[in-house]
Amino acid sequence: MTSHEARLCGLLLREHFGEVVEKVGTHLLRSGAQHLRAIVHESGIPLDLVKKSLCVLVQHGLCSFSSGRKGPGSPMEYQTSPDRILRILRYPRYIYTTKTLYGDTGELIVEELLQRGHMTMSNTVKTVADRLTQNMEGQKTMEYSEVSSSFSKLVETHFLQRCPPSALTAKKENPSPADSGAPAAAASIVPLKPESFSDCYTVPRVTLVGRGKRPLPAEDEGEQRSAKRAKLDSEVHGDEGIYWQVNVERFHLYFRDQAIISAVANKLDQTCSEIVRTMLRMSELTTSPSATCTKPLSANEIFRSLPTGYNIGRPILDQYLTLLVDDPMEFVGKAGESGGGMFVVNLHKSLANLARATIESSVQERFGSRSARIFRLLLRKRHLEQKQVEDFAMIPAKEAKDMLYTLLSQNLVQLQEIPKTADYAPSRTFYLYTVNQLPTARMLLQNCYKTVANLIDRRMFETKESKRLLEKSQRIEAILASLQASGAEPEQLTEVEEMITPSEKQQLDSYATQLDETIFLLESYISSTAVSS
Amino acid sequence: MMASRGRGRRSFNVDSVGLSRESLPSALLQPSPVFPVMEMKPLPLTGGEEVEYLLALKQDLRGTMRNLPYYIQSAVTHSDVERYSDKYHISETCDLLDWNTDWRRFPRELRRSFRKPVRIGVSDGATLQHKKDRDKEEVLLKLENLEKNEKEQSSEEEEGGGAQEEQEEEPEEELEEETDYIMSYFDNGEDFEGESDDNMDEAVY
Numbered sequence: 001m002t003s004h005e006a007r008l009c010g011l012l013l014r015e016h017f018g019e020v021v022e023k024v025g026t027h028l029l030r031s032g033a034q035h036l037r038a039i040v041h042e043s044g045i046p047l048d049l050v051k052k053s054l055c056v057l058v059q060h061g062l063c064s065f066s067s068g069r070k071g072p073g074s075p076m077e078y079q080t081s082p083d084r085i086l087r088i089l090r091y092p093r094y095i096y097t098t099k100t101l102y103g104d105t106g107e108l109i110v111e112e113l114l115q116r117g118h119m120t121m122s123n124t125v126k127t128v129a130d131r132l133t134q135n136m137e138g139q140k141t142m143e144y145s146e147v148s149s150s151f152s153k154l155v156e157t158h159f160l161q162r163c164p165p166s167a168l169t170a171k172k173e174n175p176s177p178a179d180s181g182a183p184a185a186a187a188s189i190v191p192l193k194p195e196s197f198s199d200c201y202t203v204p205r206v207t208l209v210g211r212g213k214r215p216l217p218a219e220d221e222g223e224q225r226s227a228k229r230a231k232l233d234s235e236v237h238g239d240e241g242i243y244w245q246v247n248v249e250r251f252h253l254y255f256r257d258q259a260i261i262s263a264v265a266n267k268l269d270q271t272c273s274e275i276v277r278t279m280l281r282m283s284e285l286t287t288s289p290s291a292t293c294t295k296p297l298s299a300n301e302i303f304r305s306l307p308t309g310y311n312i313g314r315p316i317l318d319q320y321l322t323l324l325v326d327d328p329m330e331f332v333g334k335a336g337e338s339g340g341g342m343f344v345v346n347l348h349k350s351l352a353n354l355a356r357a358t359i360e361s362s363v364q365e366r367f368g369s370r371s372a373r374i375f376r377l378l379l380r381k382r383h384l385e386q387k388q389v390e391d392f393a394m395i396p397a398k399e400a401k402d403m404l405y406t407l408l409s410q411n412l413v414q415l416q417e418i419p420k421t422a423d424y425a426p427s428r429t430f431y432l433y434t435v436n437q438l439p440t441a442r443m444l445l446q447n448c449y450k451t452v453a454n455l456i457d458r459r460m461f462e463t464k465e466s467k468r469l470l471e472k473s474q475r476i477e478a479i480l481a482s483l484q485a486s487g488a489e490p491e492q493l494t495e496v497e498e499m500i501t502p503s504e505k506q507q508l509d510s511y512a513t514q515l516d517e518t519i520f521l522l523e524s525y526i527s528s529t530a531v532s533s
Numbered sequence: 001m002m003a004s005r006g007r008g009r010r011s012f013n014v015d016s017v018g019l020s021r022e023s024l025p026s027a028l029l030q031p032s033p034v035f036p037v038m039e040m041k042p043l044p045l046t047g048g049e050e051v052e053y054l055l056a057l058k059q060d061l062r063g064t065m066r067n068l069p070y071y072i073q074s075a076v077t078h079s080d081v082e083r084y085s086d087k088y089h090i091s092e093t094c095d096l097l098d099w100n101t102d103w104r105r106f107p108r109e110l111r112r113s114f115r116k117p118v119r120i121g122v123s124d125g126a127t128l129q130h131k132k133d134r135d136k137e138e139v140l141l142k143l144e145n146l147e148k149n150e151k152e153q154s155s156e157e158e159e160g161g162g163a164q165e166e167q168e169e170e171p172e173e174e175l176e177e178e179t180d181y182i183m184s185y186f187d188n189g190e191d192f193e194g195e196s197d198d199n200m201d202e203a204v205y
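Line order of the protein sequences matches chains A and B.
Position one of the first sequence corresponds to residue 1 (UniProt numbering), numbered consecutively onward.
Position one of the second sequence corresponds to residue 1 (UniProt numbering), numbered consecutively onward.
In case anyone wonders, no lab produced these hints; they're calculated from the structure.
One should not assume that every hint holds.
In silico DSS-like cross-links for lysine-lysine, where the CA-CA straight-line distance does not exceed 30 angstroms [stated by the list, open to error]:
1) A:Lys401 / B:Lys41
2) A:Lys450 / B:Lys41
3) A:Lys349 / A:Lys398
4) A:Lys398 / B:Lys41
5) A:Lys153 / A:Lys126
6) A:Lys23 / B:Lys41
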């Protein structure tokens, strides 16, 4: 975890959960696993606030607890990881993706789950049905069954998953003589991974009959009474203790697939991208998340599974597949000849190539196209001497030297010394320029984190500034509205409007969102290489 | 070697490397500017429907999360006048959080924190009265051992204590401020045990 990541996590926690949770969260990030008393002592925050913050963090899955290092009897230790907190940046993207795939119902389900961390299915269905009913025109209401079916669809495609059963509940079921204090045979509490739970994706049988409720303006008392009854009724549905959460890894796989498909569409052809999309869809549930490439698919299978709109003949499909295989970006590879040719989508290679393209484009935008040419050259040729760089890139010596040194000072290019003699004399050593893709990607990723943190900071600053101006303008407008006789008003109004620029805040927000796409790509590439190496 | 002998020294010999004195960049006399001028301007934002929708989603999400019970305000209330409604604001949010979650999923030590605010809300009048009586008795006991003029003071404080029972916290604060002593210098040892039960101690000095 780096300082940029820590700072960004702190800002994200502050925006969504308040300053207290930010302080507790950053303290946990910096100090690793700690138990409650240590947190209170070191951070100086009062005990009850620390407890509340930890509850909030655990509720949202940002913090995990396990029994301490000294064995089962020691106090609980709490731990956060920066990865999970950084996902908060991506929440709008998850919601939007669900909207494109499953419509408004799915969107609201995912939004509710993201806002509240863990929820039971019945609670989610009721809340979403109520929200949808509010937005429907006339007196129409939303059936619970429709929302339940959307929920089940989301679970089938693994976008939602069950929270693993808390190890605490298992402990409680064993009758233990001592209520407080650790019994001798206490099992140590270890956070379970959701996948290790066999019923991870099974929807429980829930009795949910009804429709969404519209908030009634009249009959306040009646509503309060029914609200109280509703609280009591919530015990009736058959899914107590079964909590659901959003499966962010699945969303990431989906984003990765989308990135590959759009890259193919940009580089080659719409039809090629449809073929790749079909291949990915067929191997969605059979490919493990960390696989290097999808399972081999025969050309016959692909031909059968193509969407009905695409009436391409079999030989044409073969030609497209050959094109894809021969493409230097290596999206698709050939794995055999049976069944008319076995094809795989090279996931890790595609990610590496996409990351490389991202880095190249960032160099181009920062330093110009000639520096980008040198950079690309070094990426392909690995190690080059200065003279060779000048020759291959066809750039005059002085400028090439200048550009290389600029890239070197920004740490995008490294220098490798190869001595001819044992004493490293400068006149008798080879100096080779080289680019290492993985460390460069990491560096760029840290830059992205720093940028997003700066953007959030700036946006909060602008909001604070304009909040004062907005309040001032509201007061001014109230005064102006009351004195509409004299003619100086419109001028003052325009002056006030010029002072506030909410569009700037929106721009900052969009920048942050766009940056998140780059962050996602680079993170995927790095995690894919981490797994393979 | 000669590399790090102190400031102002170079790690190489200017003549032997073959450079001239002027071609070296000038020494830095101040930190580099915070916002240096960029030669290449960044690309503009991509527009489009998707981006705008994402933006709206983001702002919505932030707004709604602010209103959820998971958004914890810091405990410090900077109000110049302590309002009656402040007490009910805080306990309201705690109650919401209490209602929503399944406490079996949380470690035991975290669960205890949420019984306290409920207790405050429920048994407010009774314990407050009780505490005030107790404090008043302590004050009287202390003052009984003093001389006559201080006995007069004690009767004034008794009346002050009586007034406190009717109203809530504000007059008590005024009473505290009226004394000549600097309250922050007074350490009555209550903070020693840390956060014990019943955070609602109104210590009468």
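message: Under the constraints set out in the numbered hints, which ones does this structure not fulfil?
response: The structure breaks hints 3 and 6; every other hint is satisfied.
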